[in-house]
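Colleague: So you can see what is in the structure, the chains are spelled out below.
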Amino acid sequence: MAKITMTVNGRQVSGVCDDRTLLVHFIRENLGLTGTHVGCDTSQCGACVIHMDGQSVKSCSILAAQAAGSSITTIEGLAQNGELHPVQAAFKAHHGLQCGFCTPGMVMTAVDMIRRHGSDLDEATVRAELEGNICRCTGYHNIVKAILAAVHETGGVRQAAE
Amino acid sequence: MGVDGIGARVARKEDRRFLTGKGRYTDDMSVPGMKYAVFVRSPHAHATITGIDSTAAKAMPGVIDVLDGKQLLADGIGNLICGWMIHSKDGSPMKMGAWRPLADRTVRYVGDAVAIVVADSVAEARDAAEAVVVDYDLLPVVTDPVQALAEGQPQLHPEAPNNLIFDWELGDAGAVDRALGAAAHVTELKIYNNRLSPNPMEPRATLGIYDAGDDHYTCYTTSQNPHLARLVMSAFYNVAPENKLRVIAPDVGGGFGSKIYIYPEEIVCLWASKRTGVPVKWTSDRTEAFLTDAHGRDHVSTVKMAFDAGNRITALKVDTIANLGAYMSLFSSCVPTYLYATLLSGQYDIPAIHANVRTVYTNTAPVDAYRGAGRPEATYLLERTMETAARELGISPAELRRSNFIRSFPHQTPVIMNYDAGDYEASLNAAMTAADWNGFAARKAEAERRGMKRGIGMSCYIEACGLAPSAAVGSLGAGVGLWESAEVRVNMVGTIEVMTGSHSHGQGHETTFAQLVADRFGVPIDSVNIVHGDTDKVQMGMGTYGSRSGAVGMSAIVKALDKIEVKAKRIAAHLMEADENDIVFEDGSLKVAGTDKAVPWSQLALSAYTAHNLPPGMEPGLKEGAFYDPANFTFPAGCYICEVEVDPETGRTKIVQFVAADDFGNVINPMIVEGQVHGGVAQGIGQALLEGVYYDDSGQLLTASYMDYAMPRADDLPSFKVSTSNTPCPNNPLGIKGCGEAGAIGSPPALINAITDAIGNNALTMPATPEKVWAAAQAAN
Amino acid sequence: MYETNYHRASSVQEAVQMMGAAAEGKYLSGGMTIIPTMRQRLAAPSDLIDLRHIAEMKGIAVDGRSVRIGAATTHEEVATSAALAAVCPALCGLAGHIGDPAVRHMGTIGGSIANNDPAADYPAAMLGLDAVIVTDRREIMAGDFFTGLFETALEEGEIITAVRFETPAKAAYRKFPNPASRYAMTGVFVARRDNGDVRVAVTGAGSNGVFRHSGLEAALSANWSPDAVANVTVDASDLLADLHASAAYRANLVKVMTKRAVAAA
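If you read the protein sequences in the order shown, they are chains R, X and C.
Every letter in the first sequence is one number past the one before it in full-length UniProt numbering, and letter 3, counting from 1, is 3.
Every letter in the second sequence is one number past the one before it in full-length UniProt numbering, and letter 700, counting from 1, is 700.
Every letter in the third sequence is one number past the one before it in full-length UniProt numbering, and letter 146, counting from 1, is 146.
To be clear, the hints were calculated from the coordinates, so they are not data collected in a lab.
None of the hints are false.
Keeping only pairs whose Cα atoms sit at most 27 Å apart, straight-line, the calculated DSS-like set for lysine-lysine is: (1) X:Lys721 with R:Lys92; (2) C:Lys26 with R:Lys3; (3) R:Lys92 with X:Lys22.
Cβ-to-Cβ under 10 Å is the rule here; a few derived chain R residues that face chain C: (4) Gly46; (5) Cys48; (6) Val49; (7) Ile50; (8) Gln55; (9) Leu63; (10) Gln66; (11) Gly69.
Quick reminder that beta carbons are idealized off the backbone N, C-alpha and C, glycines included.
Next up, chain R with everything else stripped away, as it sits in the complex:
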């Protein structure tokens, strides 16, 4: 058992958990932020993607203890002041989600993708960058469309990680 402190969505939080507790379970169960999902056991589906210190990571493949002291953003922390983030808005406008289960991970991956590539993103790059996010509903068609639209919407500005 260890007490773990980290910053999540701008707020300092702490909780007690086993050393073997995965970050995704700490987020879901200790913090009650259930938007981050678990869809596989082998680190491939990406339903658990969050941002740690500004970069996309798979929270199912990181111990909560490894993340102690870091700054985490989950899907719940993306919209500001009730306004959807441009990537969230683009997913809605372009029907980039159906059942919604992979969606938080998709959105977090897309935000990170735009941060790194900016306006260099084209369809082939978006598809390649989605390798670690599996969607069973959409055939990716509208996810790709939404991400490309969001690039346009955000002006395709690249940002360094925090």
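Chains X and C: place on chain R using the hints.
Modeller: Quick look at chains X and C alone, frame taken from chain R:
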């Protein structure tokens, strides 16, 4: 059409919660005192249980209890059943072996549940599950369905000699044999339809809560049909009577058929909650999902198609062996029969058809409906055969299809179905135009210069949706009616709640159903709420599968809206002292046609409930319910064209173009319909190119994670060109046919036809992995 | 996951001490292999010693044609290093195609090499580049380092701190991914030195892990051209066979990937 009404591309109402992490899936549910379950599962494909010792497990940290199949049996919990009776051609009923929710004597596939451990945490439950000692006497194993039918093979169930569940036929064998004998040409093929795992991204989960105070059970579950789950758990499994059992299917992360069925885990968690006195939650991990979610497809067939000298099809003869796995899942028997053989006429006018289907037990996970369910198997068989015939006859595949299309409706096929409407040539033409079919030769030549082999393939599919007319399915063996119910509740201020028995797990009902209501009464879409997925809130329902929610579920809403409209008009007429036949809905008000007299909708609603001034004898309130039982199946159809480039050095297939031209009848929200096609096509491409469930000879699952089961990813797929050319369905009030399964039905043969065209070798099975394509291309050289 | 104890080291020395105190410890770098493996209860280390916060193990230094990469440097950092891209773009390209972006943000070169998964990409690069694996106690030539499936020359408690190599005149990596896992079903790293020496290192295909192919090396030393591959025989008998690819198919892929790597170099 209004901005929010029928035909509008309305952005989905439900999206905000999913996009902000506020979706509420079963595993997100948590109640005070809740504990966690892990199942002890058989590591063997076939064995007798000789003893279970859970003493050590019970003593481990955090463990509440360990329960096994003997206790479950002692408490009177029943067998899992298949709800559709099929009779063999000799008249005998199907041979259903016993399926215990927790195996007490025999395990029949790897993953068969043996015991449940309830503990303070998942990790502790798993630690303890490993400490449960189960003694097994191993039995011989059979996993191949053809082999399972042979003499001397391991026997799974005493009820089913030679593992044969039923030997069923449909159609006129004599007429078919005569036509084959007289044919100018016969095309023969052996067809494999590969076994798949549905893989909704949300793994199955359940939370069983027993309330001793009220002797009442609540079951949260990842279900496509909570009412059916309640019915089956009450009537057949003796979990609790219906009035003591509430089933809630909250947000559900995809289903594709796999969440229709009632699995052992829901039953056992409810029972365990009563036994332990604590709420019990179980969440599948992905490997458990591969082991225990019902699989799909898995057919082996031979086909003979007869042609006359004018290239007209004169007969079709099909012999199919379908693997149903270790136990008969809830709808398993109807999938390879009435959802399969009845569609073997496809879009073609075929005078004689005969199908023989044998279903078989093997030591593998149960097999049941997966997106399309029977219809993909029929379409793949038929469209691979048509393509092969065209190649053998030396004519264009498009022309062979065109010259055999059904052109007048209604059309009675020789295999039960009566097609009500369609225009197959319109879809074919639309697809060929969108695909620039005529420009293919130039593209192929250009690819050849780059060392790539380019191919093109098409598929013309038909499916039967809108499941289903209750009398028809009843006569064919269904254990339930397949109507749908709806209740429309107009609140006092005019907002509207619609309780529907359909269940949305990605289909967007909260939007499309609201569009229907907004369109009808001219109210804002945000004033309409769709309520579903809770047996305490919704009167009755049959759930969502078989592309039925639009054609059947929305039709029930239409019937309820009709009743609301009649009453609202009567009240309005009374208030405005007009004839109710003169009342019209306009701009959110009820108006007297041709006058400026109007009652706003909100005021009308209030009047209905204040009841100060209602027509004499009228009950207060504005709330109506309806059941809708369809008059016929619906028949979506279309043409898909796929164009590929094969790298002959590696066998890698790249899909360079995919065109879908569908006829779905009337469309409520084109954006959502297109999304359904995209997803269906992706799953069909997955089947054709990537996906396959494999067991080894000892019954161990070789594809138990995404490391070995190839899911379609974004870079496996192109953007799709989709369009519709619609003929309204004459048999339901909205003219809807359904769109949920089409993509998965129509796409696999188009892709395989394209690859075999590219490599010049017709011998290729699904999934067309790089190695298989490479080998086939080598063999063609 | 079985119970385990987590420790965070701030120096190499501290990490070694922590490992010495552990019953059955394991170093944890990005964790992209060990954590999923532990999740599936296929590994049960008593202790995990986290190396991700050791500053001395991070960073890429390029001095002329000498390259040194700290073991805790992530795949993303290798993929996007302008300094490295200027002298050895092949390694940047390889790193940029390991796993997916989220995995590349955590996974490290040291972790990958120490794990020596037979389908991992980095071992092929290390062998192809004739790299030196630097540990807390010695330097090991890549040719001596990779000893078998998930087996390396590392001793009990030994930590990889860096890798270093001299950049070749030409190099490239091409892989054919497994359609399911996306690991290399066959990956080939080719490198040619100024003196004409050629290395061809193959991952994903060998039944004993990463290996050099002498026949391909000889052919390409004689004639550095994609066409030189055509007449070389790749013996399938030493190659892996599984659900996804037979040994004969992998033998074909070794040649095709080699040809394409040479063309790209």
